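Could you put together the complete structure from these sequences and hints?
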Amino acid sequence: MSLIREIDYGTPASASEAEVTLTIDGQEVTVPAGTSIMRAAQEMGTAIPKLCATDMMDAFGSCRLCLVEIEGRAGTPASCTTPVAPGMVVSTQTPKLAKLRKGVMELYISDHPLDCLTCAANGDCELQDMAGAVGLREVRYGYDGDNHLAEAKDESNPYFTYDPSKCIVCSRCVRACDEVQGTFALTIAGRGFESRVSPSQSEPFLSSECVSCGACVQACPTATLTEKSVIEIGQPEHSVVTTCAYCGVGCAFKAEMRGEELVRMVPYKEGPANRGHSCVKGRFAWGYANHKERITKPMIRASIDQPWREVSWEEAISHAASEFKRIQAKYGRQSVGGITSSRCTNEETFLVQKLIRAAFGNNNVDTCARVCHSPTGYGLKTTFGTSAGTQDFDSVEDVEVAVIIGANPTDGHPVFGSRLKQRLREGARLIVIDPRRIDLVRTPHIEADHHLALRPGTNVAVLTAMAHVIVTEGLVDEAFVRERCDLDEFHDWAEFVSQPRYSPEATEPLTGVPAEELRAAARLYATGGNAAIYYGLGVTEHSQGSTAVMAIANLAMATGNIGRPGVGVNPLRGQNNVQGSCDMGSFPHELSGYRHVSDDTARTMFETLWGVDIDPEPGLRITNMLDAAVEGAFKGIYIQGEDILQSDPNTRHVAAGLAAMECVVVQDLFLNETANYAHVFLPGSTFLEKNGTFTNAERRIQMVRKVMTPKNGYEDWEITQLLSNALGYPMDYGHPSKIMDEIARLTPTFAGVSFEALDKHGSIQWPCNEAKPAGTPVMHMEGFVRGKGKFVITDYVPTDEKTGPRFPLLLTTGRILSQYNVGAQTRRTANVVWHEEDLLEIHPHDAEDRGIRDGDWVKLQSRAGATTLRARVTDRVTPGVVYTTFHHPATQANVVTTNYSDWATNCPEYKVTAVQVAVSNGPTEWQERYGDQAMRSRRIAREEPVLEAGE
Amino acid sequence: MSAGSPEKLVHMANQIAQFFATQPGDTAAMRVADHLNSFWTRSMREAFIAHVERGGGGLEPAARTAADILRSASPRTLDREMAAAHEPSGRLPGDDAG
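Top line first, the protein sequences correspond to chains W and L. Counting along the first sequence from 1, when you hit position 123 you're at 123 in our numbering, and nothing is skipped either side. Count along the second sequence starting at 1, add 951, and that's the number in our numbering.
What the hints contain is simulated information worked out from the structure, not anything from laboratory work. Computed from a predicted structure; not experimentally measured. It cannot be assumed that every hint is accurate.
[Unchecked claim] Computed footprint of chain W on chain L; a stretch qualifies when at least three of its residues, placed anywhere within it, have a C-beta under 8 angstroms from a C-beta of chain W:
1) 962-971
2) 1002-1008
3) 1031-1043
[What the hints assert, rightly or not] The following label-pair restraints were derived from C-beta to C-beta distances:
4) W:500 x L:1022: 34 to 44 angstroms
5) L:975 x W:608: 33 to 43 angstroms
6) W:491 x L:1035: 17 to 27 angstroms
7) L:1022 x W:745: 38 to 48 angstroms
8) L:977 x W:270: 54 to 64 angstroms
9) W:713 x L:1012: 38 to 48 angstroms
[What the hints assert, rightly or not] Anything over 12 angstroms on all C-beta distances counts as not near chain L; from chain W, calculated:
10) 7
11) 73
12) 81
13) 89
14) 261
15) 290
16) 443
17) 446
18) 483
19) 565
20) 756
21) 866
22) 927
Where a beta carbon is used, it is the ideal one built from N, C-alpha and C, also for glycine.
Put into structure tokens, the structure is as follows:
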């Protein structure tokens, strides 16, 4: 293994299908039309010197180092800005060019520190490389003139340093922030000698608009922008390609190492989901793996009031197994179950559901998809026949109209958000359907054509009203519908949506969306060209979540926006492996590959291979497990990598359920909130410490590669295997690749998947089988999986969660860029500088009515409970709506959320809670009691000081 | 074990019934029963049936009829009836392109 060095071609690749042949340095080379001379030369193996050019950004032509001579043309044009032409004859090295290049380098070096030997970029500095490349031997200007060597460093950002004394003003950082990230936080202030990189208005990076994605650091050719980890540790010596463990985009990274020490994570340009970009979390926030609160030894205790006792692995596993056996003997086979992790690998998830089905002997297994995208599964399965998204992320490059509904990609799926912004800046149109003014509505160089700021809980009314417009105004793609869909069902649906009660005018009082705005948005979607819908939990986490997904599918079918790049129905899956978790049979009613447990053929295949009978009846969902626990019938649970006490709704009910159990086994990195109620703690491993695969929102299976020994001693799959063996069901996988081989044998859509195939192809999008050996980027191209697409009537049913005099406002929830989900990982990194606490966004009118000022403590009360947090007064939310995030356990945001859920899947209705907000002077009694219990529960009986709470 | 109070089961069944009642045809009750067979545990279904047999009220018509179907027809019988009515069962595979 050595450092993976990706070639930088200098300018982006051309997408042209026409080809041009030219001669460079006497060699004929053929490249796509529109390719720069620089790139053409690199493709044939000649590296023209460069400093301002890099292939993730358009050519800039400022450094004047990449000059070439072209036969028949005067002067010495820059090769980065000059496209190839047929018959062109280029020389990349002549005496004239050599002299000019040395002159350029002399100028640069005359105003640059000569501290290479102690510089963090030593060995990885393009300025150093170019000085060598051009044969620089002297700087005739000397070093006595004006210079920038005394400029102070900006070390405000926790992850990287900006040292202006080393800056050559190549503008790569500015262009990276513009073109790659799309935040436009950087500019060049001043002109000529005064030119300096300026974050926002020459502010420190941390207080500027910088979102710390690191694209500028990656682009910087010198030590000007350098990772602090590189400054501290030194240059890496080998790298391994792996996949990010944060969100569902699934960015590919090179983990750059020095021995087993991670130096930095650099986005992999070949990564098909991220194409060389990343966000602050994936690139920088991996320090949680070494955080002081990380637990590395197993622990047990007889009751949750006692401190933890560190024990050996053998004792912990043996105790857990004996407890599960005791409980099943006393309370019955159905009295135990488990929850798989959407953050662990496919192989690990498969083993957990296998343990539950084979060792526990029931189907009481569920996954966190229950509380996020389970309506996607139900809705898309019903309409299209498959429960996953239809496109890949590259599809955004062909989008002409993007609809973002119930999602906030610049915060929740940042790298996809950046790619979408690139497409929008190229001219694609944008419709945002969200109660809140998300950043995408209006951000540098981007403005939504339509922002439908609907009242929370009225998605189905808005979507059905859009369908009304499309049908009644004759905008249906009849050819597509006739060919690809069930015509009778279409006619029933068209008749339904055409009813006057679903006109935009009739729905406006319900939804709050002006009729004309909705009509215009519907017309744009239907007639604007390739139209794609991207949606998130603002669609699914509702009592009509599944209905809304089906309404989205109806719109896509009615307008023919399915089955090719640039269109489709795109659920933005939240977690790194929530898609995989669903694929692996984590639902209580399904085996891997979404086959129902009652399906005799499927079940027999599993029973034969596993050597056990499998229960043909659906098992308990998470919500059912908690209900059954409160009733005294469910007594033991094995939870891998999930924190239901913080993430699931109605915290009091979750706490009551956990407290009622006799054996709660938590396998995790930290003592999370759920562990407050645990009896056995099995320390888990991070994504850096295991081999396996994750499946992202594109159905793309990607490798996770181990770069360091697990600090806890075992990869997570090994722990599940130990537990299964102790329970009496033998498992003996020597390597995760063997688990994937078994998955492939049992799961038709994974039939062609293996670690070998993944190494060969880089990644594979399922279905991958004999018909599609390299996988399936875009689905339903020739026909729907179920045959004909199914139109489903989507009648609007108001939620049971009503506002009223006591609870006049509606609370909705979401995420923020710097924190991830329950914050277990990101709160234990430097990301806390950006989001130290969850805040309640409230409109100025509502704040004024209540005497609330920005920063005040406020009590947020619902019918379920109350909590206290600080207010942020903002017009991002409309009057009547308040908003918060759920990243910090002290906030207890889910104390106020209700038990209402989606009719089909029981996905909780997080997005609609009737609340009242009032000024408060401190935490609620529940928060104080919770905090005390958490503190007591985290005690570990050893000589070290008592562990503090997670924040 | 019912995994939910009768009130909760009734609420859930009513939500399901409310959806299927809006769909074309007169198969709402059958589809509600199929949904419960596909996604509820056996004990949840038994508790639901028991609630109805005890005269438990507050049920949407399709939910009440679904309880009768669950009591009288096995899941396999219901599968056949769904297929005959050209209605997709919730127990059909959900993803396989092969």
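Hint-by-hint comparison with the structure:
1. Coverage of the stretch 962-971 of chain L by chain W holds in this model, with 5 residues showing a Cβ closer than 8 angstroms to a Cβ of that chain against a need of three.
2. Here the stretch 1002-1008 of chain L counts 0 residues with a CB under 8 angstroms from a CB of chain W, which misses the bar of 3, and the coverage is violated.
3. With 4 residues bearing a CB less than 8 angstroms from a CB of chain W, the stretch 1031-1043 of chain L meets the requirement of three and the coverage assertion stands.
4. For residue 500 (chain W) paired with residue 1022 (chain L), a C-beta distance near 41 angstroms keeps the hint of 34 to 44 angstroms intact.
5. For residue 975 (chain L) and residue 608 (chain W), the Cβ-Cβ distance of about 41 angstroms falls inside the hinted range of 33 to 43 angstroms, so the restraint holds.
6. The hinted window of 17 to 27 angstroms between residue 491 (chain W) and residue 1035 (chain L) holds, with their beta carbons roughly 22 angstroms apart.
7. The hinted range of 38 to 48 angstroms is satisfied by residue 1022 (chain L) and residue 745 (chain W), whose Cβ atoms lie roughly 39 angstroms apart.
8. One distance hint, 54 to 64 angstroms for the beta-carbon pair residue 977 (chain L) and residue 270 (chain W), holds here, with the actual separation near 55 angstroms.
9. Taken as a hint, the range 38 to 48 angstroms is violated for the pair residue 713 (chain W) and residue 1012 (chain L), whose Cβ atoms sit roughly 59 angstroms apart.
10. With a cut of 12 angstroms on Cβ distances, residue 7 (chain W) stays outside the contact zone with chain L, its closest approach being about 36 angstroms.
11. For residue 73 (chain W), the shortest C-beta to C-beta distance to chain L comes to about 54 angstroms, beyond the 12 angstroms cut-off, and the non-interface label holds.
12. For residue 81 (chain W), the condition that its CB be more than 12 angstroms from all CB atoms of chain L holds, with the nearest at approximately 46 angstroms.
13. With a least CB separation of 51 angstroms from chain L, residue 89 (chain W) remains clear of the 12 angstroms interface cut-off, as annotated.
14. Distance check on residue 261 (chain W): its Cβ is at least 41 angstroms (rounded) from any Cβ of chain L, clearing the 12 angstroms threshold; non-interface status holds.
15. No Cβ of chain L approaches the Cβ of residue 290 (chain W) within 12 angstroms, the least distance being about 39 angstroms, so the stated non-interface status holds.
16. Taking the minimum C-beta to C-beta distance to chain L, about 36 angstroms, the non-interface status of residue 443 (chain W) holds against the 12 angstroms cut.
17. Here residue 446 (chain W) stays apart from chain L, with its beta-carbon at least about 35 angstroms from theirs, past the 12 angstroms limit.
18. Annotated as non-interface, residue 483 (chain W) keeps its C-beta farther than 12 angstroms from every C-beta of chain L; the closest such distance is 19 angstroms.
19. Residue 565 (chain W), annotated as away from the interface, keeps every beta carbon of chain L farther than 12 angstroms; the closest lies near 18 angstroms.
20. Listed as a non-interface residue, residue 756 (chain W) keeps its Cβ farther than 12 angstroms from every Cβ of chain L; the least gap is roughly 21 angstroms.
21. For residue 866 (chain W), the condition that its CB be more than 12 angstroms from all CB atoms of chain L holds, with the nearest at approximately 23 angstroms.
22. Residue-level check passed: residue 927 (chain W) sits 27 angstroms from the nearest beta carbon of chain L, beyond 12 angstroms.
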